[in-house]
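Student: Just need the whole structure built from these sequences, with the hints factored in.
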Amino acid sequence: MMSRADRTVLSEWWWTVDRGLLAGLFALMVVGIVLCLAASPAVAARLNIADPFHFVNRQVLFLVPAAVVMIATSFLSPRAIRRVCMVVFALFFVLLLATLVVGPEVKGARRWLTIAGITVQPSEFIKPAFVIIAAWLFSESAKRPEMPAQLLAIGLLASVLGPLVKQPDFGQSLLISLVWAALFFLAGLRWIWMIGLIGVGAGGGAIAYMTVSHVQKRINRFLNPESGDTYQIDAALNSFRNGGWFGQGPGEGTMKRLLPDGHTDFVFAVAAEEFGIILCLIILALFAFIILRALARAMNENDPFSRFAITGLALLFGLQAAINMAVNVHIAPAKGMTLPFISYGGSSLISLAFGMGMLIALSRKRPGAAALAALSEPKVVSGPQMAMPKSFVAAPGPADGAAHPA
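Start counting at 1 in the sequence shown, then tack on 90, and there's your number in our numbering.
Derived by calculation from the structure, the hints in this document are not laboratory data. Zero decoy hints are in this set.
Here are the simulated BS3-like pairs of lysine-lysine, each with C-alpha atoms no more than 27 Å apart in a straight line:
id, residue 1, residue 2
1, K256, K307
2, K455, K233
3, K307, K197
4, K256, K197
5, K425, K197
6, K425, K256
7, K307, K425
Tutor: Structural data, given as structure tokens:
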């Protein structure tokens, strides 16, 4: 067991990190492996893959580097996080643009690149880096009003939304826009800006509905199920009905054989059928615990950058989970978004680990300079301490914030 007196980097990390937050994230990873075991064999059989545990093995294979990335990132300082995110954003922004040119078209969208035999979705890695850069710009606007940080933040949003809409990927566009708007609100935007942003968002949604056929079809199917094919949603809802409170039992689900994306977008429905609504509530509680604990940490931060960054990363994580679960229970149109750390997916797992590693790093306890000096100052005790009259107590010095008596 590491001692508090140990001054190594590892010991300092252990005693300053939020271990509850860390435990919650690892618990989600374990739940993800269990649900991948439940959902993916049926998908492998449908795709004629010989190994029924093909997706499970790949999930574990990606979880190992994801855990390493999360722990390694949690050691970074706020300044190092900003620098790393600048590099990550620049690299994956170039890859995001490359998807429009050389990315394979899958279901009418170009969102992926194959690099060294590994399929990468650049937008997944853009998200956490985008949040950090936006948080830095908004914090600078609060500290240095002369800096056009808010205009730069608007330009940052526009530069990311352009390629995402072109792919098209309206789910990620919506998610990034919501997190950005929340940070803009926290930074103290004026009401006129809020009205303008709502108008721009509504206008963009209307244009997407009128000009993009698959967006129109998804919204129409959500509002009027009889207007189109609702096969996946019907199967997902039947999974909840079949599972009841306690589920059919591990491996006993039948609707997962009908869900084409049972191991990714609809893994929550598979959890409901095999393990019951009880497990769904436990998963929901885990997400709520992580998000509320992170927001509580953000409220106690004095540094605007750390406060905005923690809030943005927590919202990014929570909104993605909320959208996925809302689609599964048919209270939102289908978005094609994974459930964090639970759905199968390599890019998603590693990018989420990167984002949560930064959240852990930013939420670590950082004692002030005075506390650090007090901890490092040697204490000499030469014998039993005796009470002394107040007249013998030395007056506070300049280091204590008071001047010496004349």
